[in-house]
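With the hints as constraints, model all of the structure from the sequences given.
Residue numbers (my numbering), protein chains in the order written: chain B, 8 to 367; chain V, 8 to 367.
Hints listed in this document are in silico derivations from the structure and should not be mistaken for laboratory results.
Careful, some of the hints might be misleading.
The list treats identical chains as interchangeable, and a pair is accepted whether it falls inside one copy or across any two copies.
Pairs of lysine-lysine residues, derived as DSSO-like cross-links and limited to a Cα-Cα distance of at most 30 Å, are as follows [to be verified]:
#	residue 1	residue 2
1	342	237
2	194	23
3	318	201
4	201	349
5	41	342
6	162	318
7	162	305
8	28	78
9	349	361
There are 2 protein chains.
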Amino acid sequence: MPEQLFSYQQLAEFTKTIFLKIGCSTEHANTATKALLSADLRGVDSHGVARLSGYVRLWEARRVNATPVIKVIHETPSTAVVDGDSGLGLVVAPFAMQIAIEKAKQVGTGWVSVQNSNHFGIAAHHAMMALENDMIGIAMTNASSLVAPTFSIDKMLGTNPICVAAPAGTEPAFVADLATTTAANGKLEILQRKNMQTPTGWVQDKDGNASNDPHALKTGGALLPLGGDKDHGSHKGYALGAVVDIFSALLSGANYAPWVPPFPAYVPMPAQQPGKGIGHFLGAMRIDAFRPADEFKKSMDHWIQGFRNAKTVAGEEKVLVPGDPEREFERERMKDGIPLLKQVVDDLQSLSEKFQIASL
Amino acid sequence: MPEQLFSYQQLAEFTKTIFLKIGCSTEHANTATKALLSADLRGVDSHGVARLSGYVRLWEARRVNATPVIKVIHETPSTAVVDGDSGLGLVVAPFAMQIAIEKAKQVGTGWVSVQNSNHFGIAAHHAMMALENDMIGIAMTNASSLVAPTFSIDKMLGTNPICVAAPAGTEPAFVADLATTTAANGKLEILQRKNMQTPTGWVQDKDGNASNDPHALKTGGALLPLGGDKDHGSHKGYALGAVVDIFSALLSGANYAPWVPPFPAYVPMPAQQPGKGIGHFLGAMRIDAFRPADEFKKSMDHWIQGFRNAKTVAGEEKVLVPGDPEREFERERMKDGIPLLKQVVDDLQSLSEKFQIASL
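Next comes the structure, spelled out in structure tokens:
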């Protein structure tokens, strides 16, 4: 698969220009660019600039409002509900996370449920905003329904990711960012390109039978919750995805379950939607609301070193700590550039033509 | 396997008498009995009266303090750290959960991290305390290390369960209570008794190879994180177990990772423990800190009914909602009694002899 390398700066300038072209304010364009490109830096290629044209198409379809008035519509000292005014999730989620952080400064923790938003990129970007404030950050979002609960043929949940980021001292932060499915869509796309089968437990076919076809979603199949099947705990992955839906949408008044708006603008909106847009949930816990931050960080260092030094199974070099692989990607890509597949470069090229801006 | 039926009332009276005999106050004995037996009612047989003699042995070994002075040692409007004074987790966790609930009444949410505690029974019992207050309840605990992270031979985490309970309207509450492993120890014990193999992905042997031996833990093997192996997302189960450890112990100052005290009193304490006792994390979120409770509950009913009515795969009658199986157990067992295996009955019989009380 031919790939081309671009510097972070190149991609950031291009992306920001596109967001400005659809009408975002400079502030929003900066925020959205930073959120979107954090995915490319961290190696989550499915959620970065590869999606830029998808966001543009949502704007063209009037499903994304480029000039949202994002508002707190209800609050208590430790909670808020935010109405994203159909804005880019890339802008709405950082707004909501900032409120969570401010509340944590005041009363120890802050928890914000968001309605009327759109796809927010990677959860880690938002959760990690807490780190520089010596807080634990939490970010979740629901998403359009691609996942069949245990025993179900119907797709009832999205890949509904959960991220938890916790600061350490001399060690880098702990950052766990995971879809509540065995594998997310991005991994299927990699297998599709390589013409390979999926392991059992990733997808089922349209009748709910186990399948190894990475194209299963295109023929009525579904992604499976983390665990894969009942014997392997899929009811747990399903339960976790459900919790994300409840926190993100039932608490905020966003759409939930199979009614969450799809990302591709050509897919019609589900009928009889019970809420507004998609939902997120952001949380921040101030470490010293529990314990002096330096004590906590010292314990985190000890914890992390314990895992790094655990004895590995044959053939593996190291036990990883959540966040290690993504941080390694970020280091490499900041230095050497971000590789984009030809089809992504072509896609960005057509954006530059559409908006008559310099190509990458 | 011969089983004998006992009424809830019979088991509760017996259990309470034992807790009184080891020196608990009447209030603590009542609280502990209710927490312990909630496991038997909900069908989690591994966590109920089957463990009563285990708690007694911990008391005999002076690892459990029957007359703890449970204290808040740090707090903010939305957070607290509780020192359980080596008390029964069955008593310490409800104390901490009550504080979370009171804080949620005041500022919208309450979050309590607990140090210096012991095994707390099932997480659902504590999380569900929030329901009658129209709150979402969250309960987690760490536990002694039986679980090998992805790529590790060393056992670094406990089965570290997470429970989230959310109220509904006409439908029963949503209650997700899950160990962050593919399968918890209780399921291995069932297979041991039946002389059956485990599915692949539950355990590994002492060298980290895939195993199907339900006795693998006795020969140096380990439980596996939810997902089973890397291809099936075990790094996600590992990350979730790690989050439970961080919230329960790193935030509170309890022991973490391989240093968590073991439940069996004959297993020596890990050397160089970095904290105090085991750790829990309890949370409560007031629904109307986000949205009017009746609106939320109406949405929950709609959500639940959507899942119940999803099309099932061949051979399955119904898509279940988290909490359904346990509630069905509770209904049946309140009516027909709680079945105990002969070995559990014998175990309770020796307790009655030890404390010279009437046998069951």
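**Item:** Violations among the numbered hints
**Value:** 3
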